[in-house]
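Undergrad: If you want the building blocks of each chain, they are given just below.
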Amino acid sequence: MKLNHFKTSFFLVLMVFSFLFLPISSHAALDDSEYIVQNLQVNDIPNDDGSGLVLSWKPLSKEKRIIEYRIYRGVTPDSLFYIGRIDVNVKTGVAGDLMYFYDTAYNYFLDIQAPGKLKKEKKQAEDSPLYRRYPRDLAVTGPQFKNYSVLTVIPEKDYYYKNRKIEVVTEKDTTVYAALKLRNFRQLAKKLLDDKEYYYTVFAVNEARKYFPHAEPVMGIPRENAPEETKEFYPVFVKDTNRLQFEWSLPIFTDDIYYHCLYILDKDELDKFQEYKKEQKLIEENNLAIKLDSTVVKYEPKFENPAELIFMRYAGYPYTGSKTVHLDIVDGKIKSEKIYKNEVLGQEFDVDLEIDINNIQDYYFVFSLFDTSNYETFSEVKAAEIVYPDMLPEIPPFTVVDGKNDKGDYNYVSWGKPVVYLTNSSYLNEEKTKLLVNYDTMTNEHYKIRNIYFTVYDDAGNEIKKINEFYQDNKLKIRIPPNTESLNFEITLKCNNPIGDNYVFYQDISWNDQTKSLTPGILYFSESKEDIYKYSYYVYKRNYTDEEFRLSKKITGSQRELYDNIRYKNVHFKITTKFDADKGLIYVSPAFSVRMDGEQENTIRSNLYPSEVEKTLRGYKEQIADYTASKDTLETEEEIKEADDAIEHYQNLFDLLANYPISKEAASFSNPKARIKYLDKSRHIAKNSFEYKIVKSDDKGHFTETPIYINEDAKPVDVEKNIALISYEGFGKDHFFPIPNWFKTTMFPAFLATIIFGGFVFFMIGKAKKGHDLFVRPIAGIEEIDNAIGRATEMGKPILFVPGTSGITDVATLAGLSILGRVAKKAAEYDTKILVPCRDYLVLPVAQEIVKEAHYEAGRPDTYDKTSVFFITTAQFPFVAGVNGIMVREKTATNFFMGMFWAEALLMTETGNTTGAIQIAGTDAPTQLPFFITTCDYTLIGEELYAASAYLAREPMQLGTLKGVDYSKLLILILIISGTILSSVHLTFLMNAFPEK
Amino acid sequence: MKRQIPLLIVIGLGLLFVVHTFVPHKISEDFYEWWQTWSKAISPFMVLLGIMSLFMVHSTKIKRKTANWQYSFVTLGGLLITAFVGFMWGTREGTPYMWLFKNIQMPMSATMFSLLAFYIASAAYKAFRARSVEATVLLLAAVIVMLGQVPLGAQISHWIPDTSKWILNVPNLASKRAITLGVGLGITATSLKILLGIERKYLGGD
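Protein sequence lines, in the order shown, are assigned to chains Y and C. Number 44 in our numbering belongs to position 44 of the first sequence; there are no gaps in the numbering. If you count the second sequence from 1, you need to add 997 to reach our numbering.
These are computed hints drawn from the structure, not numbers from a lab. The beta-carbon is built from N, C-alpha and C at its ideal position, and this holds for glycine as well. Don't take each hint at face value.
Unchecked claim - Computed Cβ-Cβ distance ranges for the label pairs, DEER-style: (1) Y:455 - C:1155: 24 to 32 Å; (2) C:1006 - Y:775: 29 to 37 Å; (3) C:1084 - Y:117: 14 to 22 Å; (4) Y:867 - C:1006: 49 to 57 Å; (5) Y:755 - C:1117: 40 to 48 Å; (6) C:1006 - Y:780: 31 to 39 Å; (7) Y:795 - C:1153: 48 to 56 Å; (8) Y:117 - C:1045: 24 to 32 Å; (9) Y:197 - C:1039: 30 to 38 Å.
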């Protein structure tokens, strides 16, 4: 058969189609039963709050070419929804014997990107129980709310301004909700409910994306467990200051940990305590046994805890709480600063305990984690380590300020003076007599390092070299004696602010047999002989809405600053159970917290609807009145006390809601929007203002804690100016609020340079406009453009113009397009065809418009061919194939390559070279310039590409800009030369005046 | 008006982005974020432009039966088949789309890329022909740098890798930086020209 073009292309298309059938046909001939997941088990996760299950199954063999396992969950085995997948590397398979999937804590449940309608999972049998993700359709997903704890995440603005007030009337009462559309929620997260049955199944997907049959659904029930035992606990007694210090490790699972508690125990009562501890375990096991079998008898506790509570603190969930505390023994007593309230037990503890400090070794200490379900897990008992105050780390003073150059999302915490340390070393020659030592510095905004002085000593203490690092390039080159096994470095500094004479670091580098190099050792600080890396800094912070401090960041001992990120966009977290499927609304509580009171004990709350605030106040009043009235009928003192407590409680709540300054101010607004705006502002201040303290610790109880930082120079808050600051005691003094900045000071040199550059440009444009002759040096590549177009005209062949392979946002592309305009106009005048292949969708219409306009300007609109400017592909090498094909088939006489290019540059220009076209290229990509220079006739190097348009236009405005660039370059050249000369004589002020990046 | 409105949009938005560079304020950041979301939303429509152009060019070729018009069938066939399998079975691992990508697109791209090695050799030959003093210097520098990158260079003398490093770090880096500096100023000047409406060629016409 004789092949023509049509037949060839027909066969090519057929071939592509037949390739397509290969993967599809490969689905056949597999025994599905061999691909069903085996040994699927669902187990409770230990030590959690009863919301976690772990799935495990045996992975299929590597030969089965599995690429993922898909997991489904439901509350009945007949309807299971997709919840996630585990991807598998098809080449390596799964290494272990079992695969695990954890369904724990709050995780994804629903959002606006979920499918609109309920859909059966694809490629499943008709009666399959598997469905895709929970859909947005609330008629399907809404009823599932009751099977989970559903937490909604609502952006502030949506919660405040896009809610609808809904009243739900029941026989007992009327409840008001804020209803929102699903699109107003950032996400709905879910958590499993304890003691509820959940069903799971898993199936495998192979590399041909064949969905294999699922495993038989397996049931699991999450159970509430006691917290895990604390692994590390360090009690320390500091002699002389009579201080007890405690440090502990935090558990992995913290969701339901309510309190961290500390106890003291007489050594004589250790046995009793161990019995009590064992009994706690028995209680937990008994509770679980009752859940499994209701006939099991409830265990009655026999033992009392012989240990005395000496400290209790709220754990701080969902944040990482503090893990240290110190208790001062005053007059032989441990006394609590406030009454500890255990809200789970409903008990209060006022610690006032005598302790014999002379026989501290007679006591044991124990730490416990207390959870929301009244389970308490104790650590191992430990005796206190006795230390002296000078054995604890010294902590430098620290400061907190608003972060500079930000959008209002950073506070800047800094402490101490700079640190210089050696990081690495390597030999520069085979004789091992030349050594390159790398060093690094850590500083903060208060200290700018000017000079670093390194004095190097050999083993015998002889000075080898003294180096003054006036420019810190983090490298030292030292000539050392042969066979040197160790060197000692003495490091001193000179900064913009005084740091003291004794501020010296010592570090040695010694031969390491493993790395075969001189390795830096411990860095010691002279004043305290402290090992810098032994301790870490823990920066803690607390805002107006937190009861306790939370960890901001743990920082190594050498660092001296922290940019503490504070999110400026806050959200509301609300639990939901109610919905309206018809209207597509999800109901949440309209009540929200604003801040805590000054004593950090009670939460100041408000409501989206003022009427609800009034209703709540009326409710409190009624409760107070009821209890007051009931007192006349009560007989026992206990009952009267209970009534008094209740009256005090409701009066307290009433005062907070009615009389707290924020509540009062909010009530004064008649406009509901203005009221919400005020509360939003007030809450924003409460959430984003932080007080700070630092703990320096070795993680073993040897720590020092700073007091909360106070800015003594802070100005008093002007409430008149900002009413939202009302009642924010300490704002700006101990609570720091990140303020958005209007100017990036780090950009000042760039700003100044832009002004100078703009000045040059305007000056030169003015000069050009006045008729001054501005000399522009001839650029061969540009001057040859006309000739190149003329050549194409003479040969009767088209011109090829590639406007770079970058997008429209690249300035090089814009410069290329400007040149295209001029080339296209000339080509239109000469009636020569121009071909413009594009790689970017956005460049295409711009290039089309340019070529079209060029034809109109040349008075030849009839010669404009719309298909001469066309799109090929966005893929790099297929684009090259397309352009090369055009060059070869069309035999273009002249090729222009103007813009940004990457690896495709040489492929195109070399092809053009072989076709014998005259080629002019221009790019600002330094890596592609050598290729263009080699293969093209003329090349516009870097800035010449940008100058080309002005050069061709010869307009005063364009030429003025060009001259402005030249004068700016002259200025930069002067600065470079001056900087080089000055820094060579150790004058670095000019060099340091410019930013590094 | 046809040109003035786009020009006003360019100048207005251009100035706003210049301000954004120097102003870190929340308002400025929110504006930038909003703009990015918006530009992401409009970019899929641009794909349509490209596809329309591709269809127009190749259907015209087929209609007019221009030279090699049969290849346009292959182009359009490839486009339609790839789009079809992508929409039908998705684009994830294991789908026919991925199969096409791995077995057709990737080897073909790799073929094109591998040609680069031969083209570099050919370009190097042209560049290193010692026809003048400059070309001889270039040749020498290239030989030293190439030898400096392989163990053989260090075997001959430690001066070769040292000199190679020096060539790359001093004269080469200096000229690269000079080009970069010029490019930086060129970009600024072009941006300024666009912002001030001096350069309007990219809108079509002067």
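Undergrad: So which of those numbered hints doesn't the model satisfy?
TA: 4, 9
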